[in-house]
Amino acid sequence: MKTKHTISIFTEDRIGLLNRITIIFTRRHINIESITASVTEVKGIYRYTIIVYVTKEVVEKLIGQIDKQIEVLKAFSHISADVICREIALYKIPTKGLKENELFSRTINENHATILSISGEYIVVEKTGDEQEITKLFYELEKFGVLEFVRSGKVAITKPMKTLSAYLKEIENNSNKTIKHFNNN
Amino acid sequence: MKNNTKYNTEITGAEAVILSLLEENVTDIFGYPGGAIMPIYDALYDYSKKLNHYLVRHEQGATHAAQGYSRVSGKPGVVFATSGPGATNLVTGIADAQIDSTPLVCITGQVASHLLGTDAFQETDVLGITMPVTKWNIQVTKAEDIPSALAKAFYIATSGRPGPVLVDITKDAQFGKMIYNYSKCENIRSYFPNPIANFEEVENAAALINNSLRPFILCGHGVLLSGAEKQLLEFAEKSNIPVASTLLGLSAFPPEHELYAGYLGMHGNYGPNILTNECDVLIAVGMRFDDRVTGNVSKYAKQAKVIHLEIDKSEINKIIHADVALIGDAKKTLELLMPLLLTKNRNKWLQRFKSCNEIENEKVIESARNPNTEKLLMSEVIDKLNIVSKGNAIVVTDVGQHQMITARYYKSNIPNNFVTSGGLGTMGFGLPAAIGAKVAKPNCEVVAVLGDGGFQMTIQELGTIMQSNIAVKILILNNNFLGMVRQWQQLFFDRRYSFTEMKNPDFITIAKGYGIKGQKVTDRENLVEALTTFYNSQESYLLEVVVENEENVFPMVTTGASVSEIILE
Ligand SMILES: Cc1ncc(C[n+]2csc(CCOP(=O)(O)OP(=O)(O)O)c2C)c(N)n1
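Residue numbers (the numbering used here), protein chains in the order written: chain U, 73 to 257; chain X, 81 to 649.
Misleading hints may appear alongside valid ones.
[Unchecked claim] The calculated DSSO-like cross-link candidates involving lysine-lysine, where the alpha carbons are at most 27 angstroms apart (straight line), are: (1) U:Lys208 - U:Lys76; (2) U:Lys76 - X:Lys393; (3) U:Lys146 - U:Lys241; (4) X:Lys222 - U:Lys115; (5) X:Lys443 - U:Lys133; (6) X:Lys443 - X:Lys393; (7) X:Lys379 - U:Lys133; (8) U:Lys128 - X:Lys264; (9) U:Lys168 - U:Lys74; (10) U:Lys74 - U:Lys115; (11) X:Lys129 - X:Lys318; (12) U:Lys74 - X:Lys257; (13) U:Lys115 - X:Lys443; (14) X:Lys232 - U:Lys241; (15) U:Lys146 - X:Lys597; (16) U:Lys140 - U:Lys208; (17) X:Lys470 - U:Lys146; (18) X:Lys455 - X:Lys443; (19) X:Lys382 - U:Lys115; (20) U:Lys208 - U:Lys231; (21) U:Lys133 - X:Lys455; (22) X:Lys443 - X:Lys424; (23) X:Lys232 - U:Lys74; (24) X:Lys393 - U:Lys231; (25) X:Lys443 - U:Lys74; (26) X:Lys583 - X:Lys597; (27) X:Lys393 - U:Lys74; (28) U:Lys241 - X:Lys264.
In case anyone wonders, no lab produced these hints; they're calculated from the structure. Computed from a predicted structure; not experimentally measured.
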């Protein structure tokens, strides 16, 4: 059964690595629902968060292929229950007639959204939340006319996971072992 | 740091390329010059005593030659090409090396770094183009980064599951000055090339094998790559387990050994195919369950527990579920397993293979080796080549019917002596790969077995043979057809021979034009003598054998069929 999987990939800083990773999806005709890249708490290490709807079997194979890339430190996949996901969305609404509109203020408050900027022409609303919350607000704002709507990719923190620095230590110890082994040869 | 070589004077990036190659014990390069790689060629000029450069006639030939070189020597093959068309011409060979786990270090020139992305003359996105077909690639834009990039390239190409890497060097980096400093790469923190099989899993595997009645070993390319031939032999002998080989595993297990069950897959032997679906434990060593081996996966070895010995973790459960996964180098894993193995007598099980062999002998092999057809058959030619060469030649094939026939009828006695394009099935591979093999092993006889179609895909490499005096023996099995495609048209497309008939040139005259002796054989009574002259020639020699136009390769596991549904005729 296809379900949502959040793939977290930790990598070295290398030009072209994102390309190598996305090729793995393209080649298997898998659509990436969302992708973000960012720095991590460890200097020089980057993190990609990729969301895909695939079966467990497929995601395991994807992880295998991603992990195999030389500069990938580690790739993990998690099901929704194991991740806390957030995205941010911006909505641009025409200002005309909104200032005294009670329904509008209530919509903003009830959805825990904030107003980022107001001009004579339009108001920009910001909302951070999960996918459903952001979609819900979009539908509620539609009656006021949405001029523009944009949402970020997802960022995710997984619940069960070693800290990155602990993991790095572990692989450093491991690779020392392998090297020793290699030299004994 | 080990092997730290430092020169205090400044040298160019181009010279650093050459010194780095020497540092990695490179002795041979296959390449073709052009604008963007001229500084490197210029630096090479001063080192032509230490580095033999073979000027190919097309860059694809350089990659295949480097592959042939690597496959018989275990050393990485090194390729030079210029930017743009030079680099794009490498793609087929790199893709072939990637899927067949062959270590190559390809060095391409690139336009100067300030021109990158401007559609400059002969600029192409080589990194982007080769990304899906390389194990790793990198672009270097500064002279001082060249040694470390090359050190990493050699380490990555040759370690773990080997594969091709590409280093793209801009022209300004080649011209740039730097203080040369080389240290071999021995570790990359995000890369684990030498996993060691989990000992509990090793024990589980041993228990499965010790309790099994009908275990069966599948020997793949990984056995050759890890040099585990001896370990595999001891392993099989200790517990009396039959061994069958994949196409790329051929030559790893002695073909005349009583435990040798034969060749697996679509055109493989009868016994190993049908008995795959009767064994109780399947021990896959250094192989990846290619669809040409498994046939229909949903009907593949369903009754068996599968033990998978494999260095590349991503191959585990990719195609066939592994009940026990032993992730590690084949040789080391076999060594771990060995002491846990009990000696067993499996006469009844081995007898099954013998009976299958008898059936195949009677229905296929006898008449293939001693036919009474009007024209010669490919199978009898290969059988006679086997006799003339005593199974000791390095045999390199192209792709098609002649390839499958050679895999079936040539019995390679020496590990790594059978070289073929497996995963990609690249026509045009044979001739240049044979050139590379001969360069690596000048004292061995190298025979290229080619079809009339595939020969013409890289026929220009006759020029390389001529220029560098490479004594490759070229055997053309001429059926005037793209035979393998024609066979499929006959069997699955109602004999509609759509564009598979070939009008061929006079191959002997062409060889003569390149100064290569040749002979054409059409009659059975002249075959052995011609093969003997051919094989014993001191120089390159082209032997064209005119064979039956519409011979088919059997047995065959047709598409969608199970290995147990292999047809014999
Ligand atoms: C580059 C390339 N193009 C096309 C094919 C498809 N193909 C596979 S076998 C074959 C026929 C080969 O004919 P020939 O070289 O004459 O050998 P034969 O099968 O007759 O022994 C073709 C066209 C291929 N494998 N590689």
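Structure-based check of all given hints:
no.	hint	result
1	U:Lys208 - U:Lys76	19 angstroms, holds
2	U:Lys76 - X:Lys393	24 angstroms, holds
3	U:Lys146 - U:Lys241	13 angstroms, holds
4	X:Lys222 - U:Lys115	24 angstroms, holds
5	X:Lys443 - U:Lys133	42 angstroms, violated
6	X:Lys443 - X:Lys393	41 angstroms, violated
7	X:Lys379 - U:Lys133	21 angstroms, holds
8	U:Lys128 - X:Lys264	40 angstroms, violated
9	U:Lys168 - U:Lys74	44 angstroms, violated
10	U:Lys74 - U:Lys115	35 angstroms, violated
11	X:Lys129 - X:Lys318	49 angstroms, violated
12	U:Lys74 - X:Lys257	55 angstroms, violated
13	U:Lys115 - X:Lys443	67 angstroms, violated
14	X:Lys232 - U:Lys241	22 angstroms, holds
15	U:Lys146 - X:Lys597	57 angstroms, violated
16	U:Lys140 - U:Lys208	39 angstroms, violated
17	X:Lys470 - U:Lys146	50 angstroms, violated
18	X:Lys455 - X:Lys443	20 angstroms, holds
19	X:Lys382 - U:Lys115	48 angstroms, violated
20	U:Lys208 - U:Lys231	26 angstroms, holds
21	U:Lys133 - X:Lys455	50 angstroms, violated
22	X:Lys443 - X:Lys424	32 angstroms, violated
23	X:Lys232 - U:Lys74	39 angstroms, violated
24	X:Lys393 - U:Lys231	26 angstroms, holds
25	X:Lys443 - U:Lys74	48 angstroms, violated
26	X:Lys583 - X:Lys597	22 angstroms, holds
27	X:Lys393 - U:Lys74	24 angstroms, holds
28	U:Lys241 - X:Lys264	23 angstroms, holds
The earlier numbered hints that this structure contradicts are 5, 6, 8, 9, 10, 11, 12, 13, 15, 16, 17, 19, 21, 22, 23, 25.
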